[in-house]
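J.: Residue numbers (this note's numbering), protein chains in the order written: chain A, 7 to 125; chain B, 35 to 146.
Think of the hints as simulated: they come from the structure by calculation, not from any bench. Keep in mind that the hints are not guaranteed to be accurate.
Ranges of calculated distance between the beta carbons of each label pair, as one might list FRET restraints [said to hold, decoys possible]:
no., chain 1, residue 1, chain 2, residue 2, range
1, A, SER122, B, GLN88, 34 to 42 Å
2, A, GLU67, B, PRO42, 31 to 39 Å
3, A, GLN20, B, THR39, 32 to 40 Å
4, B, ASN105, A, ALA87, 37 to 45 Å
5, A, LYS9, B, THR87, 24 to 32 Å
6, A, LEU90, B, TYR44, 22 to 30 Å
7, A, ALA77, B, GLN133, 20 to 28 Å
Simulated coverage check for chain A against chain B, where a stretch passes if three residues somewhere in it have a Cβ under 8 Å from a Cβ of chain B [to be verified]:
no., stretch
8, 44 to 56
9, 112 to 118
Quick partial rundown of chain B residues pointing at chain A, CB under 8 Å, derived from the structure [claimed, not checked]:
no., residue
10, SER67
11, LEU77
12, GLU82
13, ASN90
14, GLY92
15, LEU122
16, LEU124
17, LYS132
18, GLN135
19, HIS136
20, PHE137
21, ASP139
22, GLY140
We treat Cβ as the ideally placed atom computed from N, Cα and C, and that holds for glycine.
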Amino acid sequence: AQKITQTQPGMFVQEKEAVTLDCTYDTSDPSYGLFWYKQPSSGEMIFLIYQGSYDQQNATEGRYSLNFQKARKSANLVISASQLGDSAMYFCAMREGLGYGGSQGNLIFGKGTKLSVKP
Amino acid sequence: KAGVTQTPRYLIKTRGQQVTLSCSPISGHRSVSWYQQTPGQGLQFLFEYFSETQRNKGNFPGRFSGRQFSNSRSEMNVSTLELGDSALYLCASSLDDKQPQHFGDGTRLSIL
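The shape of chain A in the complex, shown without the other chains:
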C-alpha cells in the first residue's frame, strides 16, 4: 500500500486564486513529520512547509498553509493568491519515527501533482 497518496496528477488554477493540493498518508507510527516540496522544471527540490504529527496548529509559511487533519490522515497544501511562478510539480512527503532517537531519516514521497497557473 502506498504510504503517500496524491490523487491529482495535474491541476490548473487562475492567477491570484487559491488552490488546494491533496495529500493523504498512511502510517502506524505516532510520531512523524509531513513535508511539502516544490520542483520547478529545472529540477531542484524546494522545501515549502512542515507539519509535525504532534503540532497543535496547522503550519503556515507565507502564502503556503497546510490543512492538517490527523484523524483523516490528510495534509493538504493550500496556496493562496497563486502566481505564475507557482507552476511546478508539488510533492508531499513523510518521515516516520521521529523523536525516538532512532533513525528513520528518509523521506517517503508521493507521485506529485503538476500545478499550472493560468494568467
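For this one, chain A is given, so just place chain B on it according to the hints.
T.: For chain B alone, coordinates are given in the frame of chain A:
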C-alpha cells in the same frame, strides 16, 4: 549560507561503466540522503549517511553504494551501469531528523 552542492550537473555514460556523484551538504548538516527520481518510479530513497555511517538504506541493488567523509561530504557510486539507471539523482542534507531536508540541484545521469 551556501546550499547543497551536487557535482556534476549532467553526466553521460554507457552501459557497463561506473560513475561517482558528489554532494556537499549545507555547512553544519551531518545527515546526507540520496534519492533517485525517474518518470516511472518517482522519487525513491537510496541511502542516508550520518557522521560517516550509513544509517538507512532503500531497496536498491548492491551496485549502488555510497560513503560519507569526515567533513560530511558524500559520494554515491553506481557500478556496472544499466539503461534503467538513467535518472535525476538528488542529494539532501538536514540538521537532524526533525528538520526539513534541503536538496541540491541534482545530477542528471543518462546511460547510452
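J.: Work down the list of hints and note, for each, if the structure agrees.
T.: Each hint tested on the structure:
Checked against the hint of 34 to 42 Å, the pair A:SER122 and B:GLN88 passes, with Cβ atoms roughly 39 Å apart. The supplied range of 31 to 39 Å is met by A:GLU67 and B:PRO42, whose beta-carbon atoms lie about 32 Å from each other. The given range of 32 to 40 Å is respected by A:GLN20 and B:THR39, whose C-beta atoms sit roughly 37 Å from each other. B:ASN105 and A:ALA87 have their C-beta atoms about 42 Å apart, which keeps the hinted 37 to 45 Å range intact.
Range check, A:LYS9 to B:THR87: about 25 Å between beta-carbon atoms, so the 24 to 32 Å window is met. Between A:LEU90 and B:TYR44 the beta carbons are some 27 Å apart, a value that agrees with the proposed interval 22 to 30 Å. The hint said 20 to 28 Å for the Cβ distance between A:ALA77 and B:GLN133, and at roughly 26 Å that hint holds. Here's how the stretch 44 to 56 of chain A fares: 7 of its residues keep a CB closer than 8 Å to some CB of chain B, so the rule of at least three is met and the hint holds.
Restraint check on the stretch 112 to 118 of chain A versus chain B: 7 residues with Cβ-Cβ distances below 8 Å, three needed, restraint holds. Proximity of B:SER67 to chain A holds as hinted, the smallest CB-CB distance being about 6 Å (cut-off 8 Å). For the restraint placing B:LEU77 at the interface with chain A, the shortest Cβ-Cβ distance is roughly 4 Å, inside the 8 Å limit, so the hint holds. Hint status for B:GLU82: holds, given a least beta-carbon distance of 4 Å to chain A, under 8 Å.
Among the interface hints, the one on B:ASN90 holds; its C-beta lies about 5 Å from the nearest C-beta in chain A, closer than the 8 Å criterion. Restraint check, B:GLY92 versus chain A: the minimum CB separation of about 7 Å is within 8 Å; hint holds. At a threshold of 8 Å, the smallest CB-CB gap from B:LEU122 to chain A is about 6 Å, leaving the interface hint in force. About 6 Å separates the beta-carbon of B:LEU124 from the nearest beta-carbon of chain A, less than 8 Å, and the hint is met.
Contact between B:LYS132 and chain A, as hinted, is supported at the beta carbon level, the nearest pair being about 6 Å apart and thus within 8 Å. Hint status for B:GLN135: holds, given a least beta-carbon distance of 6 Å to chain A, under 8 Å. With its C-beta approaching chain A no nearer than about 6 Å, B:HIS136 sits inside the 8 Å limit, and its interface hint holds. Taking 8 Å as the C-beta contact cut-off toward chain A, the hint placing B:PHE137 at the interface holds, the least distance being around 4 Å.
A cut of 8 Å between beta carbons decides the hint on B:ASP139: the least distance to chain A is about 5 Å, and the hint holds. Residue-level restraint check for B:GLY140 holds (minimum Cβ-Cβ distance to chain A is 5 Å; threshold 8 Å).
Of the hints listed earlier, there is not a single one the structure fails to meet.
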